[in-house]
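Asker: Each chain, written out:
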Amino acid sequence: MSDLPGPVVRLEAIRKAYPGVVALDHVDLALRPGRVHVLAGENGAGKSTLIRVLAGLVGPDEGRIEIDGADALADRTLFGRIAYVPQELNLFGPMSVAENMFMPFAATGFGRLTLSRGGMRRAATALIERFGIHAGPDDRVDTISVPDQQLLQIARAAGRAAFDVLILDEPTSSLTASETAHLFRIVRELRAAGCAIVFVSHKMDEIFDLGDDVTVLRNGRSVGSYEMAAMTEHSLVQLMAGSAIALEERFQPRGAGDVAADPILSVRGLSGPGFHDISFELRRGEILGFAGLVGAGRSELMQSIFGYRPTRQGECLFEGRALPRGRPDRSVARGMVYLSEERKHHGIFPRLSLRENISLGILDQLARGGVIASAREGERVATVMRDFDVRSSSADKKIMFLSGGNQQKAIIGRAMARRPRLLIFDEPTKGIDIGTKFQIYRIMQRLAEEGVGIILVSSEMTELQRCASRIITMYEGRINGSFDQATTPADTLVGAIVGAGEKRHAA
Amino acid sequence: MPLETTVAAPRRGIALRGIAAHLLGNPLGGVTAALIIIFVAASLLSPYFLTGFNLMIIARSLAFVGLVTIGQSVLMILGELDLSVGAIGGLAGIAGGVLMVQLGLDPWLALLLCVMLGGLCGWINGTLVTRLRLHSLVLTIGMAGVYGGIILVVTKGVAITSIPGDIAFLGRGAIGGVPVPFVILLVCLAVVAFVMQRTPLGRYVYAIGSNADAARMLGIRVNAIRTGAFVTAGVLSAVAGMLMVARLGSAQPSIGETWVLAPIAAAVIGGVATTGGLGSPLGAVLGAVIIGIIENIIVLFGISPYWQSVVSGGIVVLAISFDAIARRAMAREN
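Read top to bottom, the protein sequences are chains H and E. Using full-length UniProt numbering, the first residue of the first sequence is number 1, and each one after it goes up by one. Using full-length UniProt numbering, the first residue of the second sequence is number 1, and each one after it goes up by one.
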C-alpha cells in the first residue's frame, strides 16, 4: 500500500474492556482518504465498540488515536471531523425533515435566536434531491417511510459541514435494492472527493461491491487488514469465522411439502391494509419463502395472518380451522409463532433480563400449579442460550446491554423454544453474522423435517435460495409469482420481485 | 510495612464497593437502606418514636395509603397510571354509608358490594383505556372528576354518620397488638407480590410495561391484563375506603382526597419507574412506609403539618435523584 496517500486517521493498539469482557484488544486501524474501509467480523467481534471509539463516543482504556497527525484523545474537538451514522434510527419523529437535518440549528448556521426557515428549507431540498429521499422538507419524519428515514439519517451526517471520515454502520439493512444502489452512488461520490469511509455490513455482495480495504475483527482482536482486491468471499468468511464454512451449503428440508396431505395453513382471498386478495397454502414440513421489495406488503400480510393487524376480508385456516382475526394470543395458543423484523419495537423487552426475555415465550410451559418453576426456567434458558450461541456474561443482564446480534439470537431461540407447528420468520437473520445465520438455517431445516410449517420472509435472495422449498413473490401488495426453488433461475425471481412482466407460474 | 498498607487499603475499598454493589444490584437495596437509616435516625432523635403506641399509630395510618399504593404500583409497572384511585376509595366509602345507614343493608353485604363497586370503577377505567386507546393519565383525571363529583352529588358535602358498629373492628381493632388495617395491607401485599414475582401473569405485567407491542406479538393478552390491573387497583382503593369508614364510624366525602399523589411518590421512592417495566409492589409499600415515618416524625417534633408536603416532596426528589445516579452507574458497568 506504499503508493497510497497517508492515513487521515490512525488508531493504534486500542484496548477497551468492560466488566467481564475485553471488547477490543490491541486493535489497529488506518483510514486513508478516498478509500472505503470495510470492518468485517461476526456479531460481538468488536465492530460496534471500535466504531464508537473511532467516533469519540467511548474513550479507550489504552491506545492512541491520531486524526490528521494530532492526538485526538488530547484534543477531542478533532472528533468533529468524523461523521457517524448509527445503525439504529435516532430521529425526532414529530419534527420536520428539514429540522431534523439541521439540528442543532446554531451549529449549522440556521438560527441562534430565531430560525431561518426559508434558508433551511432550500438547503434541505438540495440534500433531499442529492440523497434521493422521497419526502418534502416540511414532512413530519414519523410520517415518511423507514428507508427514507434511513436515508435522511445518512444525509444528516454526510450532508453538512466538512468531515474527513464518514462511518456507515449497516446503512442498508432496511433499504431496497434501488435505494441501496443510490446510496452507493453517493458513497462513491464522497470517496472521489477524498473522504475516508468506514463501512460495516453483513452482506457479502455489498462488501465486495463497495470496499477498497478491509479490517477483519475476531473476538475483539484484529485478524489483519487487507486490500479487497486480494480477497474472495470464501477467504473473507474464513478469516471472520476462523474456521471453514461451506458457502454452497443448502438447507432445503428433505421430503418437503407432501402435496397429498392437508395444508397446515391455507389463506384464501385475504385483503387488508397493504395487501390485496392473497391466497396460498403452506404444507407441513415445507419452508415457504416470500420475496419482494421493502414495502411490497409481506410484513403486513404476515402480521395480519398472525392476527396482529386487521384484515378486511378473506380467511385463514390453520390446521383446517379458521384463525380468529385480531387475536394474536389465540394464534399463539394454537401453535403459531411470528418473529417480527422490527427487533426493537416488536421483539425485545429492553428493561427485562436476558433470562426473562427468553422465558416469556414459554412461561405457560414452565409453570407448575400456576407458579413459575425457577429451576426449570434456568435450565430452559441455559439450553436456549447454548443452542443459539447467545453470548452474555450472565443471563440476568438486562437485554438492552447485549449486542444487536445476541438480542436477535435470543428472540429466535425464544420463538423456537415454544415448539410451534407454524413459524413465520420475518427477516430472521437481519444483522446476524454468517456463522450464526447458517446455524439458524440448520435449525429451520431440522424443524421443517420434523413437520413444522415455516414461512420465511427475506430480502436476501441467497437466503431464500439456500432455505426455501418454494418461493412466492409479492409486488405492490399482490402475489405475482410462485416458483419451485429448485428449478428457477435467480434472474427470473428478481424479475418478479421488481414487478417485471405479467403474473407467472414456473412451478 | 509500607507494602502491607498498600495491599490493605484497596482491599477495604473493594469490600465497601462490594456492599454498595450488592445494594445497587438488588432492586430493593436502595429503599431498604433508606428505610433503615430513617428508622434509626427517628429512634435516636425522638424518645417517643420507638414506642409500641407510636408504631401502632404509624402502622394504622399507613395501611390506607399502602393499599392504594399496591394497586397503583402494579399499574405503573404496566406503564399506566390511575389518578382516580382516591375518588374510587371515597366513592366506595360513601356508597357504604348510603347502603348501611340510609338503606339499612347488612353491613357485611354492603361492604362486599362497595368493594365490587370499586372493581367496577376500575373496569370502566380499564375498558375506556384499552378500547378507545386513551392515555390513562388523561382519562383518569377525567374519571376522578366524575367519581368525585358523584360523591358530592350524593352527599352534598355532608358526612353520613352512625355507621353500624359491626364493622368498626376492621378500622379500629387489633390482632395480637397489630392494627387490623395493617394486617389487611400485609395480606393484600403478600398476594399481589406473589402473583407479580412468581406467576406468568406477573411476568406478563412486567413485559407489557417494558414493551407492549412486543408483548402482544408474543401472544400475551395485553388488553385483558391491563383491564385486570385497573380492576385490582379499584378493588384495593375501595377496600381502603371501607376500612377508613370503619375507622371513622362515618362516611366522609373527603375520604381518599390524599390518596392520589402519595402512592405515586411511594412507588417512585420504592424503585418503580414512571415509564413502566421496573420495580415491585413490595418496594412501593416500603416507600409508603418511609413517607409514613417521615410524617410521624413531623408530628412528634411538633413541626407545623403545613411542612409535611414540602418534606415528602423533597424526599421524592431525593429518591429519584439517587435512583438516576445508581442507574447511570449500572449502565457504565455494563
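To be clear, the hints were calculated from the coordinates, so they are not data collected in a lab. C-beta atoms are modelled at their ideal positions from N, C-alpha and C, and glycine is treated no differently. Treat the hints with care, as some may be off.
[To be verified] Reference listing, derived: stretches of chain H covered by chain E, where coverage requires no fewer than 3 residues with Cβ under 8 Å from a Cβ of chain E:
#, segment
1, 341 to 353
2, 360 to 372
[Said to hold, decoys possible] Here are some, though not all, of the chain E residues that point toward chain H, as calculated from beta-carbon distances under 8 Å:
#, residue
3, L45
4, Y48
5, V101
6, L186
7, R198
8, P200
9, A207
10, S210
11, N211
12, R216
13, T274
14, G277
15, L278
16, E295
17, R328
Asker: Any hints this thing doesn't respect? Which numbers, in order?
Answerer: 3, 4, 5, 6, 13, 16 and 17
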